[in-house]
Amino acid sequence: MGVIKKIQYNCREATYLIEKRQHVRLSIKERIHLLIHLSGCSVCRLFQQQSRMINRAMKALFKESAGEERRLDEDVKREMQDKINERLR
Amino acid sequence: MAKIAVLDPRQWVSLYADYLYSYAVARLDDEEQARDLVQETFLAALERTEQFRGDSSERTWLTAILKHKVIDVYRRRHSGLRTMGGADGAPGDPEPEREFFEADNGHWKEEYSPKALGVEDADPLGNKELSSVLQRCLKKLPALWFSVFTMKHMEEAATEMICNELKLTPGNFWVIIHRAKLNLRACIQKAWM
Chain A
1 MGVIKKIQYN
11 CREATYLIEK
21 RQHVRLSIKE
31 RIHLLIHLSG
41 CSVCRLFQQQ
51 SRMINRAMKA
61 LFKESAGEER
71 RLDEDVKREM
81 QDKINERLR
Chain B
90 MAKIAVLDPR
100 QWVSLYADYL
110 YSYAVARLDD
120 EEQARDLVQE
130 TFLAALERTE
140 QFRGDSSERT
150 WLTAILKHKV
160 IDVYRRRHSG
170 LRTMGGADGA
180 PGDPEPEREF
190 FEADNGHWKE
200 EYSPKALGVE
210 DADPLGNKEL
220 SSVLQRCLKK
230 LPALWFSVFT
240 MKHMEEAATE
250 MICNELKLTP
260 GNFWVIIHRA
270 KLNLRACIQK
280 AWM
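Going down the list, the sequences are from chains A and B. Residue numbering for the first sequence follows the numbering used here, starting at 1 and increasing by one per position. Residue numbering for the second sequence follows the numbering used here, starting at 90 and increasing by one per position.
Misleading hints may appear alongside valid ones.
To be verified - Each computed DSSO-like pair below joins lysine-lysine, with the alpha-carbon atoms no more than 27 Å apart:
(1) B/LYS156 with A/LYS6
(2) A/LYS59 with B/LYS256
(3) A/LYS63 with B/LYS279
(4) B/LYS158 with A/LYS63
(5) B/LYS217 with A/LYS59
(6) B/LYS158 with A/LYS77
(7) B/LYS256 with B/LYS217
(8) B/LYS228 with B/LYS279
(9) B/LYS279 with A/LYS20
(10) B/LYS156 with A/LYS20
(11) B/LYS228 with B/LYS198
(12) B/LYS228 with A/LYS63
(13) A/LYS20 with A/LYS5
(14) B/LYS198 with B/LYS279
(15) B/LYS279 with A/LYS59
Derived by calculation from the structure, the hints in this document are not laboratory data.
Please model the complete structure; the sequences and the hints are all you need to start from.
As structure tokens, then:
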């Protein structure tokens, strides 16, 4: 198999680079590989879209959980404060 | 002694306990453990009140202490590829190491090939169904992957910091990010279709 063919088939490498690219700058070689692969592979283009969607959803998840405050049981809180007060004496 | 005046431990629980608890539950998905960490955070903070510099708020300072405790839990959890399991101890994905690609050429295996879900361009904020599927799928990840993935996405922590804290090489790190995403995506697709 020629080099180009290998890159075109290699969805494992392409998806790895798709992940990496969302966090760091790829090397020139990596960028060329990904460009060649994505230009011919609609499945990996779809993967890329879904991968970004998941990353946005992760952010949203965090925002929601930060917005929605959970409450500790009052008894538990009293116990916590007691332990703190003990050490303050 | 002026610094101490800024810290008021007698108010900590009423002012910050719920906030810290929410912070820990979001990252650990374990209420009991979260509660323990909040208590430990207060006690650890008491021991080092002299380290408090007035340049951050009391809450920020306490959160930083809690954050280190959460990372400690991640580190302890990462024994092999044990899955998180549910609250009831149900086993997670039985085969997190499954192979999505053909061994010889790296092409997608037909059965794992991504299919359009129709939510690719959705705004995930407010998409409750997507959030709950994502949460369920996160729990099926092996503990170490969950830790790495959560730290990277929730904390936007630097790769270097995660690698140091969890004793990973950068190569390992990217492999985990990649495998975690492949598994998450497959799990979401399965739940969605």
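Against the structure, the hints:
1. B/LYS156 with A/LYS6: Since the Cα atoms of B/LYS156 and A/LYS6 sit roughly 44 Å apart, the hinted pair is violated (cutoff 27 Å).
2. A/LYS59 with B/LYS256: Cα-Cα ~25 Å, so holds.
3. A/LYS63 with B/LYS279: holds, 25 Å
4. B/LYS158 with A/LYS63: Distance of about 21 Å is within 27 Å: holds.
5. B/LYS217 with A/LYS59: holds, 13 Å
6. B/LYS158 with A/LYS77: Within the cut-off at roughly 19 Å; holds.
7. B/LYS256 with B/LYS217: At roughly 35 Å apart (the allowed maximum being 27 Å), B/LYS217 and B/LYS256 break the hint.
8. B/LYS228 with B/LYS279: holds, 15 Å
9. B/LYS279 with A/LYS20: Given pair B/LYS279, A/LYS20 holds - Cα atoms ~24 Å apart, limit 27 Å.
10. B/LYS156 with A/LYS20: Status holds; Cα separation ~25 Å.
11. B/LYS228 with B/LYS198: holds, 25 Å
12. B/LYS228 with A/LYS63: With a Cα-Cα distance of about 18 Å, the restraint between B/LYS228 and A/LYS63 holds, given a limit of 27 Å.
13. A/LYS20 with A/LYS5: holds, 22 Å
14. B/LYS198 with B/LYS279: holds, 15 Å
15. B/LYS279 with A/LYS59: holds, 22 Å
Violated hints, in rising order: 1 and 7; the structure is consistent with all others.
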